[in-house]
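Student: Read off the chains here:
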Amino acid sequence: MKLSKDEVLKIANLARLELSAAEVEKYGDQLSAILDYVDTLNKLDVSSIEPTAHAMMVPTPYRADEVVPDATREKSLVNAPDREETFFKVPKVIG
Amino acid sequence: MELFDLTIHELADLLKQKKASSREITESVFKRVKAVDSKVHAYLSLAEEKALAQAKNADENVGAIHESPLRGIPLGIKDNFLIEGTKTTASSKILENYVAPYTATAAQKLLDQGAVVVGKLNLDEFAMGSSNENSAFGGVKNPWDLERVPGGSSGGSAAAVAAGECIAATGTDTGGSIRLPAALTNLVGLKPTYGRVSRYGIVAFASSLDQVGPLTKDVTDAAIMLNALAGHDPKDSTSLNLPVPDYTKALQKDLKGWKIGIPKEYFIDGTDVEVAKALQTAIETVKKLGAECVDVTLPHTDYGVPTYYILATAEASSNLARYDGIRFGYRNREAKDLTSLYKKSRSEGFGAEVKRRIMLGTYVLSAGYYDAYYLRGQKVRTLIRRDFEKAFEKCDVILTPVSPTPAWKTGEKASDPLKMYLSDIFTINVNLAGLPGMSLPCGFTGSRLPIGMQLIAKHFEEEKMLRVAYAYEQANEWHKKRPKLA
Numbered sequence: 001m002k003l004s005k006d007e008v009l010k011i012a013n014l015a016r017l018e019l020s021a022a023e024v025e026k027y028g029d030q031l032s033a034i035l036d037y038v039d040t041l042n043k044l045d046v047s048s049i050e051p052t053a054h055a056m057m058v059p060t061p062y063r064a065d066e067v068v069p070d071a072t073r074e075k076s077l078v079n080a081p082d083r084e085e086t087f088f089k090v091p092k093v094i095g
Numbered sequence: 096m097e098l099f100d101l102t103i104h105e106l107a108d109l110l111k112q113k114k115a116s117s118r119e120i121t122e123s124v125f126k127r128v129k130a131v132d133s134k135v136h137a138y139l140s141l142a143e144e145k146a147l148a149q150a151k152n153a154d155e156n157v158g159a160i161h162e163s164p165l166r167g168i169p170l171g172i173k174d175n176f177l178i179e180g181t182k183t184t185a186s187s188k189i190l191e192n193y194v195a196p197y198t199a200t201a202a203q204k205l206l207d208q209g210a211v212v213v214g215k216l217n218l219d220e221f222a223m224g225s226s227n228e229n230s231a232f233g234g235v236k237n238p239w240d241l242e243r244v245p246g247g248s249s250g251g252s253a254a255a256v257a258a259g260e261c262i263a264a265t266g267t268d269t270g271g272s273i274r275l276p277a278a279l280t281n282l283v284g285l286k287p288t289y290g291r292v293s294r295y296g297i298v299a300f301a302s303s304l305d306q307v308g309p310l311t312k313d314v315t316d317a318a319i320m321l322n323a324l325a326g327h328d329p330k331d332s333t334s335l336n337l338p339v340p341d342y343t344k345a346l347q348k349d350l351k352g353w354k355i356g357i358p359k360e361y362f363i364d365g366t367d368v369e370v371a372k373a374l375q376t377a378i379e380t381v382k383k384l385g386a387e388c389v390d391v392t393l394p395h396t397d398y399g400v401p402t403y404y405i406l407a408t409a410e411a412s413s414n415l416a417r418y419d420g421i422r423f424g425y426r427n428r429e430a431k432d433l434t435s436l437y438k439k440s441r442s443e444g445f446g447a448e449v450k451r452r453i454m455l456g457t458y459v460l461s462a463g464y465y466d467a468y469y470l471r472g473q474k475v476r477t478l479i480r481r482d483f484e485k486a487f488e489k490c491d492v493i494l495t496p497v498s499p500t501p502a503w504k505t506g507e508k509a510s511d512p513l514k515m516y517l518s519d520i521f522t523i524n525v526n527l528a529g530l531p532g533m534s535l536p537c538g539f540t541g542s543r544l545p546i547g548m549q550l551i552a553k554h555f556e557e558e559k560m561l562r563v564a565y566a567y568e569q570a571n572e573w574h575k576k577r578p579k580l581a
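Those protein sequence lines, which keep their order, are chains U and C. This note's numbering applies: residue 1 is where the first sequence begins, and numbers increase by one. This note's numbering applies: residue 96 is where the second sequence begins, and numbers increase by one.
I should point out that these hints are in silico values taken from the structure, not numbers from a laboratory. The C-beta atom is built at its ideal place from N, Cα and C for all residues, glycine as well. Check the hints yourself; a few may be wrong.
A short, non-exhaustive set of chain U residues, derived as facing chain C with CB atoms under 7 Å [as the list claims (entries may be wrong)]: (1) M1; (2) A15; (3) T52; (4) Y62.
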């Protein structure tokens with residue numbers, strides 16, 4: 001199955017990626033080839049098989065609900081590309 | 096032999112007998128890095144000053160360091176482990192200037208043992224790759240042949256240990272990223288059971304598959320590293336709260352009464368002739384050591400790679416959604432609104448393979464395709480897991496090749512993603528089943544390229560795997576060979 005240009009652009013938008021025309025072409029071809037290969041899984045009848053989400057099926061562990069010190073505000077902001085006082089700064093969201 | 100050529104346990108003996116100091120070992124390693132890393136390109140950053148201070152502490156017995164064979168030993172850390180106050184890039188432009196605000200549990204455990212950290216090691220961007228060509232900061236070369244790749248994604252870790260640029264290193268393994276580079280560089284690479292080692296503070300790729308492990312020069316060192324790394328961490332809910340044995344106690348020489356499973360699906364046409372021959376010789380060796388080799392079958396083997404490229408990319412597309420240019424990482428400065436800020440930052444920050452996998456993962460999770468791809472992939476994962484459960488009814492440990500070929504030339508598979516993905520055909524299913532697996536040296540090709548064999552055990556039976564590996568290793572000299580890097 002060959003992915004159309006529109007399909008590639010739709011996936012890119014969902015993934016929040018911007019692609020050049022050359023990339024649309026290249027990823028279209030490569031993803032189509034990979035998906036064709038992935039389609040070999042259709043040879044298997046899996047209708048009665050339970051899915052595995054995690055290899056080790058263990059119950060979710062619980063811990064006591066205690067307050068413990070975590071990263072400080074300053075530490076959390078140290079890698080911010082842009083900030084003002086104690087906030088992350090972003091372009092205007094509401095017009 | 097120089098100090099940098101030795102193993103952890105050999106150096107620990109020298110330190111104990113006061114025949115060498117950690118300072119001397121650390122200086123020997125840094126001298127080696129300065130001599131060869133311009134050719135190998137294993138390191139992304141070095142921490143010489145800090146390392147020498149750590150070595151001094153080890154020599155002067157400063158700090159609450161208990162008796163550990165790792166005390167004073169220079170190690171390399173893959174650059175997807177966070178170490179507070181140091182750059183952690185995951186070989187991505189999007190994290191080029193990211194300074195870790197905390198330390199990964201696995202790295203902290205090594206530091207607590209008194210280990211010396213030489214620096215951070217190159218990898219495929221976000222650990223996505225099989226050749227280490229996908230690093231945003233330049234690929235790594237194989238010390239056995241600089242025109243060839245070291246394997247990936249822990250290629251920097253493998254190349255550094257093989258070249259004597261650190262005594263051992265950490266890696267991560269999502270589909271073979273420890274075992275493949277170990278095999279291509281004549282090292283021991285161990286991927287523990289999913290849940291054996293904490294992943295807190297590791298840059299996430301595919302959370303149901305990622306696992307931390309060591310790359311070392313021999314099996315004893317692998318056991319020493321696993322002793323330090325293994326164990327429950329309340330900060331990683333997928334790490335299991337089970338007792339940690341002393342893995343060095345598993346290292347014994349005979350294999351009488353042991354059953355080694357040989358799966359026919361792993362001994363196939365298309366495997367390099369010299370690799371196939373080395374594996375046959377390895378099988379004869381374990382028989383001579385007293386083991387019985389039994390035929391087992393893993394019928395869904397061929398479905399592993401397509402299953403992996405659904406599940407791993409789906410998880411990656413979700414994990415990498417956090418790189419949005421808002422809280423940390425690269426941001427495009429021209430974007431005028433939020434959506435274009437996301438798009439431009441991500442498109443400029445991520446490399447080609449990472450984008451490819453995010454796209455594929457987004458597609459298989461998108462409306463209308465989830466059942467056809469993701470759910471089907473999870474179901475096939477069940478079949479693959481069951482194959483192993485059944486095989487282990489007949490044997491203690493499974494023996495297979497690690498890679499169908501020895502190290503290939505840089506650029507050889509770079510333009511064909513599918514061809515590159517198939518490099519992991521023998522390692523990927525171990526991750527899908529969550530099993531422990533390890534790679535160890537089992538010979539060389541005529542042109543002196545290393546060949547590796549893989550051992551696979553049941554969940555939390557790393558000791559069995561280590562025992563077979565050690566018995567095999569002691570009957571050979573492969574692990575003592577070092578590359579003739581000028």
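Student: Under the constraints set out in the numbered hints, which ones does this structure not fulfil?
Tutor: 1 and 4
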